[in-house]
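Here's the letter readout for the chains.
Number of protein chains: 2
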Amino acid sequence: MPDINHMTPDDFRRLGYQMVDRIADYWSTLQHQPGSVPVSSVVIPGEIYAKLPASAPEEGEAWDAILADLDRVVMPGITHWQHPSFFGYFSANNSGPSVLAELFSAGLGVQGMLWATSPAVTEVEMRVMDWLGRAIGLPEAFLFGETPLASSGGGVIQGTASEAALVAMVAARQRATQGGAAGPLVVYTSTQAHSSIAKSAAVAGIAHSTHDPERVRLIDVDNELAMRPDALAREMRADIAAGRVPLLVAATVGTTSTTAVDSIEAIAHELDRLNAPVRPWLHVDAAHAGAALVCPEFRWLSQGVERADSFCFNPHKWLLTNFDCDCFWTRDRAALVSAMSITPEYLRNAASSAGVIDYRDWQVPLGRRFRSLKLWFVLRHYGLEGLRAYIREHVRLAAAFEALVRADDRFEVVTRRTMNLVCIALRAAPGESLDHTNARTKALHRTLNASGTMLVTHTVLPNGRYVIRFAISGTYTREEHVVGAWNVVMRQADQLSA
Amino acid sequence: MPDINHMTPDDFRRLGYQMVDRIADYWSTLQHQPGSVPVSSVVIPGEIYAKLPASAPEEGEAWDAILADLDRVVMPGITHWQHPSFFGYFSANNSGPSVLAELFSAGLGVQGMLWATSPAVTEVEMRVMDWLGRAIGLPEAFLFGETPLASSGGGVIQGTASEAALVAMVAARQRATQGGAAGPLVVYTSTQAHSSIAKSAAVAGIAHSTHDPERVRLIDVDNELAMRPDALAREMRADIAAGRVPLLVAATVGTTSTTAVDSIEAIAHELDRLNAPVRPWLHVDAAHAGAALVCPEFRWLSQGVERADSFCFNPHKWLLTNFDCDCFWTRDRAALVSAMSITPEYLRNAASSAGVIDYRDWQVPLGRRFRSLKLWFVLRHYGLEGLRAYIREHVRLAAAFEALVRADDRFEVVTRRTMNLVCIALRAAPGESLDHTNARTKALHRTLNASGTMLVTHTVLPNGRYVIRFAISGTYTREEHVVGAWNVVMRQADQLSA
Chain U
1 MPDINHMTPD DFRRLGYQMV DRIADYWSTL QHQPGSVPVS SVVIPGEIYA
51 KLPASAPEEG EAWDAILADL DRVVMPGITH WQHPSFFGYF SANNSGPSVL
101 AELFSAGLGV QGMLWATSPA VTEVEMRVMD WLGRAIGLPE AFLFGETPLA
151 SSGGGVIQGT ASEAALVAMV AARQRATQGG AAGPLVVYTS TQAHSSIAKS
201 AAVAGIAHST HDPERVRLID VDNELAMRPD ALAREMRADI AAGRVPLLVA
251 ATVGTTSTTA VDSIEAIAHE LDRLNAPVRP WLHVDAAHAG AALVCPEFRW
301 LSQGVERADS FCFNPHKWLL TNFDCDCFWT RDRAALVSAM SITPEYLRNA
351 ASSAGVIDYR DWQVPLGRRF RSLKLWFVLR HYGLEGLRAY IREHVRLAAA
401 FEALVRADDR FEVVTRRTMN LVCIALRAAP GESLDHTNAR TKALHRTLNA
451 SGTMLVTHTV LPNGRYVIRF AISGTYTREE HVVGAWNVVM RQADQLSA
Chain D
1 MPDINHMTPD DFRRLGYQMV DRIADYWSTL QHQPGSVPVS SVVIPGEIYA
51 KLPASAPEEG EAWDAILADL DRVVMPGITH WQHPSFFGYF SANNSGPSVL
101 AELFSAGLGV QGMLWATSPA VTEVEMRVMD WLGRAIGLPE AFLFGETPLA
151 SSGGGVIQGT ASEAALVAMV AARQRATQGG AAGPLVVYTS TQAHSSIAKS
201 AAVAGIAHST HDPERVRLID VDNELAMRPD ALAREMRADI AAGRVPLLVA
251 ATVGTTSTTA VDSIEAIAHE LDRLNAPVRP WLHVDAAHAG AALVCPEFRW
301 LSQGVERADS FCFNPHKWLL TNFDCDCFWT RDRAALVSAM SITPEYLRNA
351 ASSAGVIDYR DWQVPLGRRF RSLKLWFVLR HYGLEGLRAY IREHVRLAAA
401 FEALVRADDR FEVVTRRTMN LVCIALRAAP GESLDHTNAR TKALHRTLNA
451 SGTMLVTHTV LPNGRYVIRF AISGTYTREE HVVGAWNVVM RQADQLSA
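Each protein sequence line maps, in turn, to chains U and D. Here the numbering used here is used: the first residue of the first sequence is 1, the next is one more, and so on. Here the numbering used here is used: the first residue of the second sequence is 1, the next is one more, and so on.
I should point out that these hints are in silico values taken from the structure, not numbers from a laboratory. Because the structure is a prediction, the values reported are computed rather than measured. For each residue, glycine too, the CB sits at the ideal point set by N, CA and C. A hint or two may mislead.
[Unchecked claim] Label-pair distances were calculated between CB atoms; the ranges are:
no., chain 1, residue 1, chain 2, residue 2, range
1, U, Met75, D, Glu345, 28 to 38 Å
2, D, Lys442, U, Ala50, 38 to 48 Å
3, D, Glu58, U, Val483, 29 to 39 Å
4, D, Ala241, U, Asp212, 46 to 56 Å
5, D, Ala450, U, Arg396, 52 to 62 Å
6, D, Asp11, U, Trp300, 28 to 38 Å
7, D, Glu345, U, Ala50, 53 to 63 Å
8, U, Met75, D, Asp494, 36 to 46 Å
9, U, Gly243, D, Asp220, 45 to 55 Å
10, D, Leu274, U, Asp10, 35 to 45 Å
11, D, Ala241, U, Ala182, 53 to 63 Å
12, U, Pro184, D, Asp220, 46 to 56 Å
13, D, Ser433, U, Asn275, 52 to 62 Å
14, D, Glu58, U, Ser353, 36 to 46 Å
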């Protein structure tokens, strides 16, 4: 019988140092020689696939052979999300403290599905969720506080904002059903909301597909691309009149396209005035922008949050905590737990019977890893003042970038910059058609990414305008990268118009 | 403005070595001095919570202070899942290669939601899913093969088997709806199936709650605790006659309670004979037992799998790959993708339009990390022969443990041992009531865990029998730990009967 080639602790030590070196070297290159790394991978579809054999090896291979393939096969197919000139999508921050916590969590290899399966996983998470909730100004109703079992709220780490939206819908459905609501359920969100709202409604069986306008109403937005509360109210009233049940409103604080901000306050006001048998659940999706709430000057973003039922944001986007880490708070955890709880015999235990928090009832999966450890490390290593400084620096850089764009009359800043995202486009020449201006902006977009010096992504506004998004939120993004990107933009614009 | 205290690459190197040392020392202690670590944490509810402050620190703290609290506050609340005498639930294996891949994935910090967001994440995953699929004997219809876009199947990594069950249901609903099925949807699984089946049906809105016998039918089992195909057929026929739509059958290969095995073949046969407008989706949940399929001698477990629509198992349980890593294959990926796909403007890109695999359409979340890297490392480091040896060794130890139990007439092996799980109970004394025997077994169970020398969990069989489960599948579990556990069991049984 062949040996089982377990890595000994000493081998792990040696190879672990190597792996730490590899990451330190990688980060060092990204920070100190970013020009040596094209931000986007240039492989073509199938290229990496073709370099890998069809079957796993029968015999174990040498560690060095695996690492050699990591360099040869994998790295060319990597688009570098931690590159300081990655301005695409929203960033997916990592950081030293977070990665080391992730490492320790993997090494511990414990399960947090029940309090009893490793009590620290649950109790550290409860505290850290309170820490972060307080840090972003959530009211006590969303926290555990000093007597968690007496509280009706609390926070939990989900994988992503998609999963947060899904559990919010499931909790809302539970509350509506228990409240006697009957009829087709309807979810409301704006035309600018993240696709995960419609997708979650389809997964939850509320909608019949990811595009079901009868079950997921995409509400019109105003000039600033925020949901129009009056339009929301009108749709809800029409649905009630037709025997449908307004189930949940998903407000977006910081849309993915343009970081537009729905007014939680105004939406809550419409819910108050609604003559519905069961008040619809108000969920706030602040996936990216929630991180900014650690700064008091950005609290206007979440004004009215005390009237929401649930709130989520992703420290894995803009708060130095590597993916995955979505923080979800609700002030009605009973609705969530009663919708999701199921206790087969093999999970029964004395602590659960005595009423501890069992986080498996707060999420779709049963198993869960020790993700609060990375938040704990990040919050303690940086401190709240450090995190505020981090957010403010990106916002300062975004403002500086915006000023550069505004000073060049070939360009327009197309939407209001609320935080760290700047949406730009080429200005229409007199008499130029929208399609033509869009084509020029699109061509510019392509050349920027093809240059290898940056990665930017785009969106299309409701008015049809094609815009390039500069999301400035990389862990290692500095003024030089932002200014450098602008210089490339100007140069490419020159060439395209030449 | 305070500094942003980013860890420099050199600091990361130094602190990373420290963290690697910490894990190496931890694993070394578990392997070489397991007696020095009580398997279960003995903290009481609230104990750790009380040791943590209510709010995050304003100023960043010293790294050593964080690590000191890790030792002082967190570690006492850890139940050691990697302890060689952890026999509870099913194990959640980690291993050196897997943890180092997880570390590198966290350090890279790339997103795999689209092919375009980092092509290697998608293409390595496609290959590794084919590798593992071949290794466990799945037919080509479940794989990508050499022309992935021409294949109608393929595999994807999900977080857990719960999420696999959920996406299977969503795909099944899509296929049924497209096939013209109308009427209430019904899911079928056995009374012994994992609670995630009922929970997923509730989340998906197929069932009205996690306990909804009209929508999730828990089918009777035979003497070996396998689903009775005849009972399944009867229920499906009755539902069809009543205008309901049999949507999905979840067969379990290796139940959580006792590793009982439903016959995929017999269930598929009943589905063939069913006169249903749309053939119900056959999903196989082999969460724990699937790992054993790397050995040809265990292929009987999955006989008939070529007639299933989807199959999943968790390398994070018994295949040396740290949580989370559920492998899900389907041979009808079109149903899955068409149910889950939604493409807002900000995610459009040339590669997607040209038809690459975008894994976000195969799962509930949008974002996804580079999880295939750990499977790739594990498969290459151990090789298939190494993994087979690993599985066989645990099965050998389980057989040895079973023999020890059978040799002691105070005990019974209560269910058939199919693999690595041994279910034992105290034998009833002549004339003793079931309740009384159960109480004695329960008392034994309590004292075993309280001894700190092992962790075992229990289940209750359909006949009411309380049994203690010994799941032998720890990365570092050796003969001495199994024999040692048996010695403790005998000693405690002596004391309880004294």
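Quick rundown of the hints versus the structure:
no.: 1; hint: U:Met75 x D:Glu345: 28 to 38 Å; result: holds (30 Å)
no.: 2; hint: D:Lys442 x U:Ala50: 38 to 48 Å; result: violated (58 Å)
no.: 3; hint: D:Glu58 x U:Val483: 29 to 39 Å; result: holds (32 Å)
no.: 4; hint: D:Ala241 x U:Asp212: 46 to 56 Å; result: violated (30 Å)
no.: 5; hint: D:Ala450 x U:Arg396: 52 to 62 Å; result: holds (58 Å)
no.: 6; hint: D:Asp11 x U:Trp300: 28 to 38 Å; result: holds (36 Å)
no.: 7; hint: D:Glu345 x U:Ala50: 53 to 63 Å; result: violated (31 Å)
no.: 8; hint: U:Met75 x D:Asp494: 36 to 46 Å; result: violated (60 Å)
no.: 9; hint: U:Gly243 x D:Asp220: 45 to 55 Å; result: violated (40 Å)
no.: 10; hint: D:Leu274 x U:Asp10: 35 to 45 Å; result: violated (58 Å)
no.: 11; hint: D:Ala241 x U:Ala182: 53 to 63 Å; result: violated (27 Å)
no.: 12; hint: U:Pro184 x D:Asp220: 46 to 56 Å; result: violated (35 Å)
no.: 13; hint: D:Ser433 x U:Asn275: 52 to 62 Å; result: holds (59 Å)
no.: 14; hint: D:Glu58 x U:Ser353: 36 to 46 Å; result: holds (39 Å)
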